[in-house]
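*Asks:* Sequences listed follow chains L and S, in order. Just so you know, we're using the numbering used here here: the first sequence kicks off at 3 and counts up by one. Just so you know, we're using the numbering used here here: the second sequence kicks off at 837 and counts up by one.
Think of the hints as simulated: they come from the structure by calculation, not from any bench. Yeah, the Cβ is synthetic: ideal placement off N, Cα and C, and Gly gets one too. Among the hints, a few may not be true.
Cross-link-like lysine-lysine pairs, in silico, BS3-like; alpha carbons within 30 Å at most [what the hints assert, rightly or not]: (1) S:K978 x L:K99; (2) L:K28 x S:K1038; (3) L:K28 x S:K1264; (4) S:K978 x L:K58; (5) L:K28 x S:K1043.
Output of the computed footprint for chain S on chain L, the stretches with three or more beta carbons under 8 Å from beta carbons of chain S [as the list claims (entries may be wrong)]: (6) 43-52; (7) 81-88; (8) 161-170; (9) 255-269.
To spell it out: a stretch of chain S is covered by chain L in this simulated footprint if at least three of its residues, at any positions, have a beta carbon under 8 Å from a beta carbon of chain L; those stretches are [stated by the list, open to error]: (10) 848-859; (11) 862-869.
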Amino acid sequence: MYQILKKEYLANNIWLMDVEAPRVAKSCQPGQFVIVKMDETGERIPLTVCDYDREKGTVTIVFQKVGASTEEMAEYEVGESFMDFVGPLGCASELIKMPIEELKKESILFVCGGVGTAPVYPQVKWMHEHGIDVDVIIGARTKDIMILEDAMRKVAGNLYIATDDGSYGFQGNGCDLIQDLVKNQGKKYTRVVAIGPMIMMKFVSLLTKELGIPTIVSMNPIMVDGTGMCGACRLQVGDEIKFACVDGPEFDGHLVDFDQAMKRQRMYQTEEGKAMLRRTEGASHHGGCGNCNG
Amino acid sequence: MEVDVLKRVPVREQDPKVRATNFEEVCLGYNKEEAMAEATRCLQCKNPQCVKGCPVNIDIPKFIKELAEGRVEDAYRVIGTYSALPAVCGRVCPQESQCEAKCIRGIKGDAVSIGKLERFVADTAREEGVKPEKAEKKNGKKVAVIGSGPAGLTCAGDLAKLGYEVTIFEALHKAGGVLSYGIPEFRLPKEKVVDCEVENVKSLGVKIETNVVIGKSITIDELLTDEGFDAVFIGSGAGLPRFMGIPGENANGVFSANEYLTRSNLMKAFDDSYATPIAAGSKVAVVGGGNVAMDAARTALRLGADVHIVYRRSEEELPARVEEVHHAKEEGIIFDLLTNPTEILVDDNGNVKGMTCIRMELGEPDESGRRRPVEIPGSEFTLDVDTVIMSLGTSPNPLISSTTEGLALNKRKCIVAEEENGQTSKAKVYAGGDAVTGAATVILAMGAGKAAAKGIDEFLSQK
Chain L
3 MYQILKKEYL ANNIWLMDVE APRVAKSCQP GQFVIVKMDE TGERIPLTVC DYDREKGTVT
63 IVFQKVGAST EEMAEYEVGE SFMDFVGPLG CASELIKMPI EELKKESILF VCGGVGTAPV
123 YPQVKWMHEH GIDVDVIIGA RTKDIMILED AMRKVAGNLY IATDDGSYGF QGNGCDLIQD
183 LVKNQGKKYT RVVAIGPMIM MKFVSLLTKE LGIPTIVSMN PIMVDGTGMC GACRLQVGDE
243 IKFACVDGPE FDGHLVDFDQ AMKRQRMYQT EEGKAMLRRT EGASHHGGCG NCNG
Chain S
837 MEVDVLKRVP VREQDPKVRA TNFEEVCLGY NKEEAMAEAT RCLQCKNPQC VKGCPVNIDI
897 PKFIKELAEG RVEDAYRVIG TYSALPAVCG RVCPQESQCE AKCIRGIKGD AVSIGKLERF
957 VADTAREEGV KPEKAEKKNG KKVAVIGSGP AGLTCAGDLA KLGYEVTIFE ALHKAGGVLS
1017 YGIPEFRLPK EKVVDCEVEN VKSLGVKIET NVVIGKSITI DELLTDEGFD AVFIGSGAGL
1077 PRFMGIPGEN ANGVFSANEY LTRSNLMKAF DDSYATPIAA GSKVAVVGGG NVAMDAARTA
1137 LRLGADVHIV YRRSEEELPA RVEEVHHAKE EGIIFDLLTN PTEILVDDNG NVKGMTCIRM
1197 ELGEPDESGR RRPVEIPGSE FTLDVDTVIM SLGTSPNPLI SSTTEGLALN KRKCIVAEEE
1257 NGQTSKAKVY AGGDAVTGAA TVILAMGAGK AAAKGIDEFL SQK
């Protein structure tokens, strides 16, 4: 069993938890992910590592309530335990494998969207700890739903905020802000890392391709085992089929077929809808409501 | 009970129409009277051929003799000397091509139903609470076993009986490997059989640590240096699915058999009280002709689909066990033989809307000795399906090999290991099962686990 040692509400239905998992904490690296299975009947839920404390043996996860399973996860309290917590899975970020001297020559921009801010944090923190200042954009629809701003500010070189409604920082989305930084403020980036909703990663990648900046994205497709066994997470990357769980989760954003990936992500929408209804209406829901195709 | 020595005592099965709608076990097994009657058909050969046909060389005439005389526990002890998983093997071993293929009774009449007898003995032992015998004392040496499938459980069980302190590391949340995630409930009940055999191995003193991915959570070198293991056995199986590489394969509704079966077997998606979904499909094509293809097809059928098996060779070449093919047909699976998919048709939303196939004919034999299937030009047609399950075999997972220095692989990415003792190219590291051979059978993996246990014991006893 893997005990929850800390729980914190961030914003916009996004929660942070520190979970005791010494083996994972000992070996995980920025860019990798874990799989959580809450109880006997639970799903295997992949979540990117947001932070870790090797001494305490804890791993920090951040998740957003988006369906029946994550809603249930949000009901877990400090002191309670998850039945299964496995990792680290996937490959560590390419950047942290580069020689430090070479990294120092790079000028890197991280672009985070929504809950994707969480997996960016350990990478920026790692850079900071290795004496590398990077620029970070946190994009959100509006000010109230931004997460991890303070934590990020402590480790980022420059932190830029973009809100769609202009309630905080730059008015516009992440792409608009990249344009502004590069075209109006004379910033020259040699590399972009974008993590967030697939649609955001798609548009950032389209833009950076135009700007000629190599771009890494972190994919979070549907998966089951997370060890290369099921192939549910396969993606078209250039002319190759890759498994996000073992080949990724990070890929070259200019090669990923985002449209296909977004279609694949909708695969279980009907089943997820049914699960949500089962949860809210209990066994009384047997379809026929006209809304669920059930 | 009257016995016709030429005919095996028939085994009771669930009616095909009924079982096609449930996940209960198909074969109901013998009762004691039937088992003892069947046991009397054994000729008790002086030079038993059946034993030679068994990859773990169980003393078959001896256990059958005990059974014929009604001593089921003694029969269990005989099998237990050779096999840690008799209730599993009695169900999923291809006896018809191993022990039973060699049975002298089979020359004129039916071979003795060795598999069904083994199953009866193991099931009865379980029901009566008989446990395998533990080692009298520990020898103080530690062995790590990677993977809790048939190879790992066997290797661990044998070493524990010799007094070793054994820890199995399992990547998934549940022990059993392919017995848990791959083979369906209706062929191998999980709670009744698999969990119980795993418990038996644990009762020998074996520790099982789940949720540890060797190569990620910890490496083999770290097990040997930091965690103080004296030797490591790799029984990590062949878990990586293959796809065909045809257009449309990434559409929604195309699954690897591994995914489909894992959702249903390991995650219990067929049961509404479990959270994992499965898109069961209403018209399903399973591509491939092995046991896994039969398992996927019969699972889809039970989830309510019309199911086709699409296989490029003819019935004679089907790699699946005859019994599985027979059961699949009885349940209403349609076999499209000498047929090969060329493209999966996809609608605007990215969902499967059909599959283009081409008819095949058999040409000259290929390297495998089987006649090579050749396309018949102009014979393309569309199969009306919404789901396609690819069951084309699996290859070993590179997670371990890519993180272990000095571990030699062959060109199929399988670990190179000596057949007689499992020794790999790396000192203190042994391997066996599908990780070495590529996808094969439960019993061959057990045989390899057994050989490696012996190899490890010989190596560590010299020290």
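*Asks:* For every hint, state whether the structure bears it out.
*Replies:* Here's how the hints hold up against the structure:
Simply put, S:K978 and L:K99 have alpha-carbon atoms about 34 Å apart, too far for the 30 Å limit, and the pair is violated. Restraint check: the Cα-Cα separation between L:K28 and S:K1038 comes to about 27 Å, which is no more than 30 Å; the hinted pair holds. For the given pair, L:K28 sits about 24 Å from S:K1264 by alpha-carbon distance, which is consistent with the 30 Å threshold. With a C-alpha separation of about 27 Å, the suggested pair S:K978 and L:K58 falls inside the 30 Å cut-off, and the hint holds.
About 21 Å separates the Cα atoms of L:K28 and S:K1043, which keeps this hinted pair within 30 Å; it holds. Counting residues of the region 43-52 of chain L whose C-beta sits closer than 8 Å to any C-beta of chain S gives 4, which meets the bar of three, so the coverage hint holds. Here the region 81-88 of chain L counts 4 residues with a CB under 8 Å from a CB of chain S, which clears the bar of 3, and the coverage holds. As drawn, the region 161-170 of chain L meets chain S at 0 residues by the rule of a beta-carbon pair under 8 Å; below three, the given contact is violated.
With 5 residues bearing a CB less than 8 Å from a CB of chain S, the region 255-269 of chain L meets the requirement of three and the coverage assertion stands. With 0 residues having a Cβ less than 8 Å from any Cβ of chain L, the region 848-859 of chain S misses the three-residue criterion, and the hint is violated. A count of 0 residues in the region 862-869 of chain S with a Cβ less than 8 Å from any Cβ of chain L is obtained; the coverage claim is therefore unmet, three being the minimum.
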